[in-house]
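Can you build the whole structure from these sequences, using the hints too?
Protein chains: 2
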Amino acid sequence: MLSKTGTYKFHIESYTCDFTGKVTLPIIGNFILQAATIHASERNFGYDEMSEGNAAWVLSRLSIQMYEYPGHDRDLIVETWVQDVARFYTQRCFRFLNGENQIIGYARSIWAAIDIQTRRPIDIPSWRPDLNDYVEEEKECPIDKMSKIPSVDDTEPAMGYSVRYSDIDINKHMNSVKYMEHAINVFEPKMFEDKVIHKFEIVYLAEGQFGDKLKLYCSDLSDTEVLIDTKRCDESICRCRIIWK
Amino acid sequence: MLSKTGTYKFHIESYTCDFTGKVTLPIIGNFILQAATIHASERNFGYDEMSEGNAAWVLSRLSIQMYEYPGHDRDLIVETWVQDVARFYTQRCFRFLNGENQIIGYARSIWAAIDIQTRRPIDIPSWRPDLNDYVEEEKECPIDKMSKIPSVDDTEPAMGYSVRYSDIDINKHMNSVKYMEHAINVFEPKMFEDKVIHKFEIVYLAEGQFGDKLKLYCSDLSDTEVLIDTKRCDESICRCRIIWK
Numbered sequence: 001m002l003s004k005t006g007t008y009k010f011h012i013e014s015y016t017c018d019f020t021g022k023v024t025l026p027i028i029g030n031f032i033l034q035a036a037t038i039h040a041s042e043r044n045f046g047y048d049e050m051s052e053g054n055a056a057w058v059l060s061r062l063s064i065q066m067y068e069y070p071g072h073d074r075d076l077i078v079e080t081w082v083q084d085v086a087r088f089y090t091q092r093c094f095r096f097l098n099g100e101n102q103i104i105g106y107a108r109s110i111w112a113a114i115d116i117q118t119r120r121p122i123d124i125p126s127w128r129p130d131l132n133d134y135v136e137e138e139k140e141c142p143i144d145k146m147s148k149i150p151s152v153d154d155t156e157p158a159m160g161y162s163v164r165y166s167d168i169d170i171n172k173h174m175n176s177v178k179y180m181e182h183a184i185n186v187f188e189p190k191m192f193e194d195k196v197i198h199k200f201e202i203v204y205l206a207e208g209q210f211g212d213k214l215k216l217y218c219s220d221l222s223d224t225e226v227l228i229d230t231k232r233c234d235e236s237i238c239r240c241r242i243i244w245k
Numbered sequence: 001m002l003s004k005t006g007t008y009k010f011h012i013e014s015y016t017c018d019f020t021g022k023v024t025l026p027i028i029g030n031f032i033l034q035a036a037t038i039h040a041s042e043r044n045f046g047y048d049e050m051s052e053g054n055a056a057w058v059l060s061r062l063s064i065q066m067y068e069y070p071g072h073d074r075d076l077i078v079e080t081w082v083q084d085v086a087r088f089y090t091q092r093c094f095r096f097l098n099g100e101n102q103i104i105g106y107a108r109s110i111w112a113a114i115d116i117q118t119r120r121p122i123d124i125p126s127w128r129p130d131l132n133d134y135v136e137e138e139k140e141c142p143i144d145k146m147s148k149i150p151s152v153d154d155t156e157p158a159m160g161y162s163v164r165y166s167d168i169d170i171n172k173h174m175n176s177v178k179y180m181e182h183a184i185n186v187f188e189p190k191m192f193e194d195k196v197i198h199k200f201e202i203v204y205l206a207e208g209q210f211g212d213k214l215k216l217y218c219s220d221l222s223d224t225e226v227l228i229d230t231k232r233c234d235e236s237i238c239r240c241r242i243i244w245k
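If you read the protein sequences in the order shown, they are chains A and B.
Numbering-wise, this note's numbering puts 132 at position 132 of the first sequence, and it's gapless, one number per residue.
Numbering-wise, this note's numbering puts 90 at position 90 of the second sequence, and it's gapless, one number per residue.
It is worth saying that the hints were derived from the structure and are not from the lab.
Be aware that one or more of the hints could be misleading.
Said to hold, decoys possible - To give an idea of the chain B side of the interface with chain A (calculated C-beta under 7 Å), a few residues: (1) Phe10; (2) Glu13; (3) Ser14; (4) Phe19; (5) Asn30; (6) Arg164; (7) Tyr165; (8) Ser166; (9) Glu181; (10) Val196; (11) His198.
Unchecked claim - Derived lysine to any residue pairs resembling SDA-like cross-links, with alpha carbons at most 25 Å apart: (12) B/Lys190 x B/Lys148; (13) B/Lys172 x A/Gly71; (14) A/Lys190 x B/Phe210; (15) A/Lys9 x B/Phe10; (16) B/Lys145 x B/Glu188; (17) B/Lys172 x A/Ser14; (18) A/Lys213 x B/Glu188; (19) B/Lys172 x A/Asp194; (20) B/Lys9 x A/Gly71; (21) B/Lys172 x B/Phe210; (22) A/Lys145 x A/Arg95; (23) A/Lys148 x A/Val196; (24) A/Lys195 x B/Phe210; (25) A/Lys190 x B/Gln117; (26) A/Lys4 x A/Val85; (27) B/Lys195 x A/His173; (28) B/Lys148 x B/Ala112; (29) A/Lys172 x B/Glu188; (30) A/Lys195 x B/Lys9; (31) B/Lys245 x A/Asn171; (32) B/Lys9 x A/Gly99; (33) A/Lys213 x B/Lys213; (34) B/Lys199 x B/Ser147; (35) B/Lys213 x A/Lys9; (36) B/Lys9 x A/Val186; (37) B/Lys172 x A/Glu13; (38) A/Lys213 x B/Ser166; (39) B/Lys172 x A/Leu25; (40) A/Lys9 x B/Thr7.
What you are looking at is a predicted structure, and each value in this text was computed from that prediction instead of being measured.
Even for Gly, the Cβ is constructed at its ideal location relative to N, Cα and C.
Written out as structure tokens, the structure is:
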């Protein structure tokens, strides 16, 4: 049996950096999804095995906390493990290290398994009892459990965009990371000069489809805490909470 | 002395694929820029050496021709070499191979060297006569020289966007590949289901800056040939010619 924790190394290319020369949060989102995909696939509960069983993993929530963003030409090491298998979801955690093996962040994610045809959730422990063998109880993820993100009922959107070709991924729906990219685009560059995103939480509520006209509503809870609600008409598609430091 | 041609291998991750499961053209654009950057840096005319001399390479034109787009989990091999060093520009070519070592495309690019302070072009052969040692005369790049791309003087834009955080790169201006990504976004998904982009040409005319409101004007020259002019007010920032097959 493979180790419970998988470790994956990524190199920070210049085109994955923002104007401050550091890797962007959406790129860390890509690394998270890629590490999760490889970890699951190596342990026989990845994309291929799920598809054979007519099922798919769907990312439902993600919370990322970063103490340092690696810069151009540096390494980012992602460790990932399954923390918990419940009836209708699994919790997967992540620890991030820099090239000097120092801890620079953590993330938690919640995944549902759905039936591809009915789009209904699958009872994970009865369907795949073997997942329990991979639950890592020794490793800690010292960031808060994800809290509810309230809706923003502002009347004036801060920004809007249409879902286009570059937003749609290999699964034929709006890519999870693209919501993050658009949400962060509401901020002015000055914000990124003065501060970094210390904590980013996102909950996915509905699937964005090609041609959807989405609107982003923002609410400043304080100087450093912002809620962003991405809506299609009156329906929340996803909600983020961002804490700057 | 290093070989004149550099060879770099890239792996196609799922998040770099579009809904057809193939790598996108903008991602190939990233690979092109990364291969050029490493090739130049390994031969001592890269970013660091240029910066020390108060100079920078600026991409002025790019033409890509693809016969096949590799899919998820496959390799894309990029070969690059300097084809020509003229007074105010160098021409760099690319050849693309798939994991089975079959040729799947070519690209040509034109680069100017500019003085970082004055933003004026530098006389390359007098400044760096050693670049001539790397000119590869044996290798062929069997795609047409780049032709002029006319302006599109339509009154109604097909699409518009504001330049935001995710568009600005480590050089603090709009990323060359982001123009490609936005331009391709004018097409409906049906187009990508039925056809592939066989040829893509782009000429960069001015630098997009944060907050710019850009508008894309399109002109269909035929069923398969489209011009896209990206403008800031009446000024063309960049122009593309796209041939579908």
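Results for each hint:
The restraint placing B/Phe10 at the interface with chain A is violated, with a minimum CB-CB distance near 10 Å, outside the 7 Å limit. Taken as an interface hint, B/Glu13 checks out: its beta carbon lies about 6 Å from the nearest beta carbon of chain A, inside 7 Å. Checking B/Ser14 against chain A: minimum C-beta separation of about 5 Å stays under 7 Å; hint holds. At a threshold of 7 Å, the smallest CB-CB gap from B/Phe19 to chain A is about 5 Å, leaving the interface hint in force.
Checking B/Asn30 against chain A: minimum C-beta separation of about 5 Å stays under 7 Å; hint holds. Checking B/Arg164 against chain A: minimum C-beta separation of about 4 Å stays under 7 Å; hint holds. Annotation: B/Tyr165 was flagged as interfacial toward chain A, and the flag holds, the nearest CB pair being 5 Å apart, inside 7 Å. The beta carbon of B/Ser166 is positioned within 7 Å of a beta carbon in chain A (closest approach about 5 Å), and the interface hint is therefore held.
A distance limit of 7 Å between C-beta atoms decides the matter here; for B/Glu181 the minimum to chain A is near 5 Å, and the interface restraint holds. For B/Val196, the interface hint is violated, since its Cβ never comes within 7 Å of a Cβ in chain A; the closest pair sits about 13 Å apart. Nearest Cβ of chain A to the Cβ of B/His198: about 17 Å, over the 7 Å cut. The hint is violated. For the given pair, B/Lys190 sits about 29 Å from B/Lys148 by alpha-carbon distance, which is inconsistent with the 25 Å threshold.
Restraint check: the Cα-Cα separation between B/Lys172 and A/Gly71 comes to about 15 Å, which is no more than 25 Å; the hinted pair holds. Between the alpha carbons of A/Lys190 and B/Phe210 the distance comes to roughly 11 Å, so the proposed pair stays at or under 25 Å and holds. A distance of roughly 15 Å separates the Cα atoms of A/Lys9 and B/Phe10; the hinted pair therefore holds under the 25 Å criterion. For the hint linking B/Lys145 to B/Glu188, the alpha-carbon distance of about 29 Å lies beyond 25 Å, and the restraint is violated.
Simply put, B/Lys172 and A/Ser14 have alpha-carbon atoms about 12 Å apart, close enough for the 25 Å limit, and the pair holds. Our distance criterion of 25 Å between C-alpha atoms is met by A/Lys213 and B/Glu188, whose separation comes to about 14 Å. For the proposed pair B/Lys172 and A/Asp194, the alpha carbon gap of about 15 Å is at most 25 Å, so the pair holds. For a cut-off of 25 Å, the pair hint linking B/Lys9 to A/Gly71 stands: about 22 Å separates their Cα positions.
Restraint check: the Cα-Cα separation between B/Lys172 and B/Phe210 comes to about 9 Å, which is no more than 25 Å; the hinted pair holds. Distance check on the hinted pair: A/Lys145 and A/Arg95 sit about 15 Å apart at the alpha-carbon level, within 25 Å; holds. Only pairs whose Cα atoms come within 25 Å are accepted, and A/Lys148 paired with A/Val196 is accepted, the gap being roughly 23 Å. Taking the CA atoms of A/Lys195 and B/Phe210, the gap is about 18 Å. The hint holds against a cut of 25 Å.
Among the hinted pairs, A/Lys190 with B/Gln117 is consistent with the structure: their alpha-carbon atoms are about 23 Å apart, no more than 25 Å. Only pairs whose Cα atoms come within 25 Å are accepted, and A/Lys4 paired with A/Val85 is accepted, the gap being roughly 14 Å. Proposed proximity of B/Lys195 and A/His173 is supported: the alpha carbons are some 20 Å apart, at most 25 Å. With a C-alpha separation of about 17 Å, the suggested pairing of B/Lys148 with B/Ala112 holds against the 25 Å cut-off.
A C-alpha spacing of about 14 Å is found between A/Lys172 and B/Glu188, which places the hinted pair at or below 25 Å, so the restraint holds. With a C-alpha separation of about 36 Å, the suggested pair A/Lys195 and B/Lys9 falls outside the 25 Å cut-off, and the hint is violated. Distance hint between B/Lys245 and A/Asn171 is fulfilled; the C-alpha atoms sit about 24 Å from each other, no more than 25 Å. Straight-line distance between C-alpha atoms of B/Lys9 and A/Gly99 comes to about 22 Å, which keeps the hinted pair within the 25 Å bound.
Proposed proximity of A/Lys213 and B/Lys213 is supported: the alpha carbons are some 18 Å apart, at most 25 Å. A threshold of 25 Å between alpha carbons decides the hint, and for B/Lys199 with B/Ser147 the separation of about 13 Å falls inside it, so the pair holds. For the suggested pair B/Lys213 and A/Lys9, the alpha carbons sit about 38 Å apart, so the restraint of at most 25 Å is broken. With a C-alpha separation of about 35 Å, the suggested pair B/Lys9 and A/Val186 falls outside the 25 Å cut-off, and the hint is violated.
Simply put, B/Lys172 and A/Glu13 have alpha-carbon atoms about 16 Å apart, close enough for the 25 Å limit, and the pair holds. At most 25 Å may separate the alpha-carbon atoms for a hinted pair to count; A/Lys213 and B/Ser166 meet this at roughly 19 Å. Under the criterion of a C-alpha separation no larger than 25 Å, the hint pairing B/Lys172 with A/Leu25 is consistent with the structure, at around 17 Å. A distance of roughly 22 Å separates the Cα atoms of A/Lys9 and B/Thr7; the hinted pair therefore holds under the 25 Å criterion.
The structure fails to meet hints 1, 10, 11, 12, 16, 30, 35, 36 from the earlier list, while all remaining hints are met.
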